[in-house]
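The primary structure of each chain is shown beneath.
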Amino acid sequence: MPITLEKIPGQEERVILSMGPQHPSTHGVLRLVLELDGETVVRAIYDIGYLHTGFEKSFEDKTYSQGITLTDRMDYLNPLGNNLGFCLAVEKLLDLEVPPRAQWIRVLLTELTRIQSHLVWLGTHAIDLGAMSVMLYCFRERETILHIFEMVSGQRMMTSYFRIGGLALEPPLGWLQLVKKFVKTFPAHLEEYEGLLSKNPIWLKRTVGIGKLTGDEAIAWGLSGPSLRGSGVDWDIRKKQPYSSYEKFDFTVPTRPEGDVYARYLVRLEEMRQSLHIVQQAMEGIPEGPIKANAPHIVLPDRESMKTSIEALIYHFKIVTEGFHPPIGEVYQAVESPRGELGFYMVSDGSPKPFRCHVRAPSFANLQALPKMIEGRLIADVVACIGTIDIILGEVDR
Amino acid sequence: MPSDLESNLTLKKLREFAAQELAEAREFRGELTIYVQPGALIRVCEFLRDEPSVSYKFLADVTAIDLYPNEPRFELVYHLLSLKTAERLRLKVRTGGGDPRVDSLVPVYPSANAFEREVFDLFGIQFTGHPYLRRILMPEDWEGYPLRKDYPVEGYR
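In order, the protein sequence lines correspond to chains A and B. For the first sequence, position 222 matches number 222 in my numbering, and the numbering has no gaps at all. For the second sequence, position 145 matches number 1145 in my numbering, and the numbering has no gaps at all.
Don't read these hints as lab results, they were simulated from the structure. Among these hints, one or two may not hold up.
[Stated by the list, open to error] Stretch-level coverage of chain B by chain A, calculated; a stretch enters the list once three of its residues show a Cβ under 8 Å from a Cβ in chain A:
1) 1095-1109
2) 1127-1141
[To be verified] Stretch-level coverage of chain A by chain B, calculated; a stretch enters the list once three of its residues show a Cβ under 8 Å from a Cβ in chain B:
3) 233-240
4) 342-355
Glycine included, each C-beta is placed from N, C-alpha and C at the ideal position.
Turn these sequences into a full structure, and let the hints steer you where they fit.
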């Protein structure tokens, strides 16, 4: 029996409408069940699970290093950010220090990921609300970033580039030229998007005052990320609980007090600007040094040393066939994904596979606020509200 | 991050409030874990949320661990976050495998709704007082609870 809403006796003229899971503006496979009085939404519930793949069960059957590949398939718009969260959690479990060069490159790539995620959000959000051209512009710039990812990791989307203890490989020569070019051209593009939308009367009509949430409501419903900051709550994990050297970078956390769709739009646009600022700092200050931690029983040795050193060969064999044994314990590592608090809760029983790995997916939590945002509003606003919480169904269903 | 268990403000405040309800406290990698008696969960969470000096207003996550075949079989794990002090706290509640059941936190934190549904769906733990306890990720007619340790990775065929 699929989830549905029961009619209330005496309200038989109301329509129960099933929206999705194939509706194009539900950003994947979200299904909403709406009870409509004319065009007004009276009640709403959501139905998810269409993309459930059992990642958390799979983690228990894979070694820690193998688990990395699952993480970028969860939130497919934030692959490197998810890699980072997972690696940081395992590194915390192991109490492993990552060399500064790796940390810097991680920050740089994670912020580029944030920009491209926000670009997809902006493009799809705008197309949902009738502004067709913005999508084409956004995807043009996103392509540049994906090209950088491909150059660095060999993959456009499923990067799996961060490894426990550092990075998979030294990035190829010339990759910084591409980043430099992007940093130089992107501010003009951002102004282009703003020119298309920020003062556009149709855009304002569709977004201002829609989907309002106060700061207290947002906290009670577990919202995080730009959706929380759009309600005036100054909370960003990168600032408040810095990880991977974020405390060494200069950036501000934009907030807006209004709490509507337009406020969250402005917050995300400003976030792109701040991310670009971080990318620039990271690019100019990448320290020299190794890209992997000095922990031979955890980090794979270089190819070259395997050809000359028997120890390296043995370690390589041990890590690949068996994995490493972290101490018994449990950790929770939260990172700021483009959608909010992405947490990895990792329990180790001392074996090479996680005893339990739970993912606190920001989209899963943010989705809870959706019925609250749309009840009592027009059905056209539903589309604006789905867009504004920026859900990724791969992450919701895991 | 708390460096010393004894000087931790949250633990001190909690002990003042309800020392007999706390089973034990642990620290690992600077993260504080407190085991709470099952009956006191709501009271403890209300206190943590409303006490101004700690102010754990944000429920970040609810999940569970299956310790099969040990008893009590399940551990419920709650991650609280204080936006004021930027500290995190992990609460744990134990429940047996025969009829796994805990109080729902929805009256204290509305955001617990979907998290608890997920735990119910994947572990089969009942939440007393939950307003809408239905499967959320698995199909409605699914048999078994996939994240339990006695459930095979490839599923039943």
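### Query
So which hints don't hold here, by number, going up?
1
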